[in-house]
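**Q** Residue-level listing of the chains:
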Amino acid sequence: MSLRRLLVLALPLAFATATLSDRASAFEPSSTECIAPANPGGGWDFTCRQVGKTMQDLGFIPGTMKVTNLAGGSGGVAFAEVVNKRNDDNNLIVAASSATSSRLAQGAYPGGDMGQVRWLASVGADYGIIAVAKDSKFNTLPELFDAIKADPSSIAVSGGSAVGGWDHLKVLIAAKRAGIDKLRQIKYVAFEGGGEAVTQLLAGSVQAFSGDASEAKGFVDSGDIKVLAVLAPERLPGDFSKFPTAKEQGIDAVGANWRGFYAPGGMSDEAYDWWVETIGKTYKSDEWKKTMASNGLAPLDLQGEDFEKFVAESVAEIKELSQEIGIIK
Amino acid sequence: MDALSSLADGFAVALTFQNLLLALLGCFLGTIFGALPGLGPSNGVAILIPLAFTLGLPATPALILLTSVYYGAMYGGRISSILLNIPGDEPALMTTLDGYPMAQQGKAGEALALSGIASFVGSFFATWGLVFLAPQLVKVALLFGPAEYFALFTLAFATLGGIASRNQAKAAFSAALGVGIAMIGVDAQTGVPRFAFGEVHLYDGIDFLVAIVGLFAVSEVFIFLEHRGEEAHAEGASKLVNRVTAPLSMLRKTAGTMGRSTVLGFLAGVLPGAGASLGSFIAYSVEKRVSDRKGTFGKGDPRGVAAPEAGNNAAAGGALVPMLALGVPGSGTTAVLLAMLLALNITPGPLLFQSNPDVVWGLIAALFIGNIILLIMNIPLVSLFVRVLLVPPKYLMPAVAMIAFVGVYGISGSTFDLVVMVLFGLSGWLLRKLDVPLVPVILGVLLGGQMEVNLRRELTISNGDWSALVDSWLSITLWGLAIVGFILPIIVGSFFRTNVGKGRSRESDDPD
Chain A
1 MSLRRLLVLA LPLAFATATL SDRASAFEPS STECIAPANP GGGWDFTCRQ VGKTMQDLGF
61 IPGTMKVTNL AGGSGGVAFA EVVNKRNDDN NLIVAASSAT SSRLAQGAYP GGDMGQVRWL
121 ASVGADYGII AVAKDSKFNT LPELFDAIKA DPSSIAVSGG SAVGGWDHLK VLIAAKRAGI
181 DKLRQIKYVA FEGGGEAVTQ LLAGSVQAFS GDASEAKGFV DSGDIKVLAV LAPERLPGDF
241 SKFPTAKEQG IDAVGANWRG FYAPGGMSDE AYDWWVETIG KTYKSDEWKK TMASNGLAPL
301 DLQGEDFEKF VAESVAEIKE LSQEIGIIK
Chain B
1 MDALSSLADG FAVALTFQNL LLALLGCFLG TIFGALPGLG PSNGVAILIP LAFTLGLPAT
61 PALILLTSVY YGAMYGGRIS SILLNIPGDE PALMTTLDGY PMAQQGKAGE ALALSGIASF
121 VGSFFATWGL VFLAPQLVKV ALLFGPAEYF ALFTLAFATL GGIASRNQAK AAFSAALGVG
181 IAMIGVDAQT GVPRFAFGEV HLYDGIDFLV AIVGLFAVSE VFIFLEHRGE EAHAEGASKL
241 VNRVTAPLSM LRKTAGTMGR STVLGFLAGV LPGAGASLGS FIAYSVEKRV SDRKGTFGKG
301 DPRGVAAPEA GNNAAAGGAL VPMLALGVPG SGTTAVLLAM LLALNITPGP LLFQSNPDVV
361 WGLIAALFIG NIILLIMNIP LVSLFVRVLL VPPKYLMPAV AMIAFVGVYG ISGSTFDLVV
421 MVLFGLSGWL LRKLDVPLVP VILGVLLGGQ MEVNLRRELT ISNGDWSALV DSWLSITLWG
481 LAIVGFILPI IVGSFFRTNV GKGRSRESDD PD
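From first to last, the protein sequence lines are chains A and B. Note that UniProt numbering numbers the first sequence so that position 278 is 278, with each residue one more than the last. Note that UniProt numbering numbers the second sequence so that position 315 is 315, with each residue one more than the last.
Next up, chain A with everything else stripped away, as it sits in the complex (with noise of 0.2 Å):
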């Protein structure tokens, strides 16, 4: 009985296996590519640098992948340059991050749809938080969202990114979840960078700060400024698990600037399934795990079809949020 359970079992799992080498051997990747829409040093930069350098040390290409810095348009000369011209590379990938489907969801590509490119998996998110001067009179995020309530003019949230940003995004997705139906008076204060709007809060132009956990660990680590919500699904590993999620609050927000890869729309099935095995594969090592520790990047785990239905909603979310603000019509 128990054999006869443990083949039924082993069946499918060697099935699975030998379908997973028949593809294998179906796309044998050649030169690989990475582009990286943004100039060197950048964020997505550093993704397709370290993907691609964590891929080559555990042996999973031959040689190395070559990382194209292809800047231009937040993204949008990259995405037109893979959809127009390279539509069916198979051996190429582009970094992505929130940036991305933000950008998509606002019409920002022109002509560009997120149907037009696949989407492979992703490596890691950024969760957003939500935080204040140490000497602030706020002490959770209801509190500073009731005062918003009462007051929009009275607080200004500054962030790293543009109107529209991420940065932007996060703040309103809380606020709506809190209640908050005027989204369009939350003032919101764009600064070049999470640094100089960290560094704003502290000279005291402005209230509060929303960003990621990454860029806010200095100051969390001094003590200068006052975390009053993690947008993340549960607490954060390490420094930031003494800061309570919104979601503990009673604000159901989730914000994560999630790090990923799209393929071109023509790359072939057997490559697509390559690629997902390929980044899952990596994402699950111990390297990447380190790189992960060392960047502030916290687990998120989606590939293949979920991360395309995970980028799909998070394109919807945006979208109607950004029509509200009247970014978009």
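By construction, these hints were calculated from the structure, which means they are not laboratory data. You may find that some hints are simply not true.
Claimed, not checked - Computed footprint of chain B on chain A, listed as stretches where at least three residues anywhere in the stretch have a Cβ under 8 Å from a Cβ of chain B:
# : stretch
1 : 53–61
2 : 67–79
3 : 211–221
4 : 235–247
5 : 261–269
From the three backbone atoms N, C-alpha and C, an ideal C-beta is built for every residue, glycine too.
Using the hints, position chain B against chain A.
**A** This is chain B only, laid out in the frame that chain A set:
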């Protein structure tokens, strides 16, 4: 004294054979990156990040390599400014104003040597500033909110008049053109693209470097093509003088200039959101106000070379203060360095000096070492650099064009940027024909965008109340300086004109 003993530890970290070799390599590459139009400090550092990763360098050596490139590029930018009137990068822009006239007068060697020394003075003292003042200076950065930044940029524009031209109206037109160019792209305060005409390439705005390379380098090539074969540059070669060091009298004359410019440049660097370009600009314009009694600035005055070079190198050191102590990049290059730090698992911020003292002090020691290497490397190389002037333009200009194209394409990988660069080259050619100075265009692009953004930030915070702009003693002071800086030259200038005019009427053509 605490700082000194930490610094000694830093030297112990930095003074290994491998690190010295990396510093030497970084300084050399940086000088080249700085000198080549199209490659600036931020690109230079960004290009070498993959190298640091590939070599598998730990944090301190990687930082030593990259900061050497950074300082090296700040040194190198002046070379093409002086020799070819083409700034190698943004901060070297102001050096063209007096550096190129000096070269035309056959003093290229002196200008290069002097600017090398000024660069050394600027960065040397700025590094000491970093050692002793970093924690206190962070508080200065915290005094600057959007209102104060707006006042600061207004101050910069108020002193712009007469910086690069005898014709104020043309300088103002040129700056306005630059401010207009700065408006292109997605507006951060509303998320709406402006003047982009649905062209996705324009959403990120115009890259400063593409504008500079187009306006200066490509337009120079067009001018050459226009004068095909004429002996336009031949006389420059014959004027080449053998002297490749700066005479002592010149150093004595510019010592005060270097001192003042170092302080100003360092302060501009400390403010995140101001940076090295503002540092060299403020240093030059203040120096012109303070010591240009005879109207020799812009005509090859050594002080006009020493001021911006000391200023921009001091700013490069100053910009490391907010980067290390706040995690806020004060310039494009420090933004790239910051990304590198994060990738190496080092979190810049208030605790960095306590949590990673070996990295911080090793880095500061490396700055001193890099600085000295650069001084030693640059002085003998002057005689090599001036030989560029001996190259006949028919070989030099194609090389300039090639470097410009390769440099710009190499960074963004976009042919669109090349088209933009050529368009800038054409407009630069046209503006030169009309005798409109080019420097204010770039200053308009660099400072105008920042000025607008900070005004809009402040008005958002204050709910549209304009009085918020003069709400602190600091902004009032800056406004006061801006007004004085704008009005005083008009009064004093006319006073000098009448005075000097009695003696030498020719000099009075240059209204200050």
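**Q** Against this structure, judge whether each hint is valid.
**A** Verification of the supplied hints:
1. 53–61: Our answer is that it is violated, as 1 residues pass the Cβ test (under 8 Å) against chain B, missing three.
2. 67–79: Holds, because 10 residues of the stretch 67–79 of chain A bring their Cβ atoms closer than 8 Å to Cβ atoms of chain B.
3. 211–221: holds (count 6)
4. 235–247: violated (count 0)
5. 261–269: violated (count 0)
In the structure shown, a violation is registered for the earlier hints numbered 1, 4 and 5, in ascending order.
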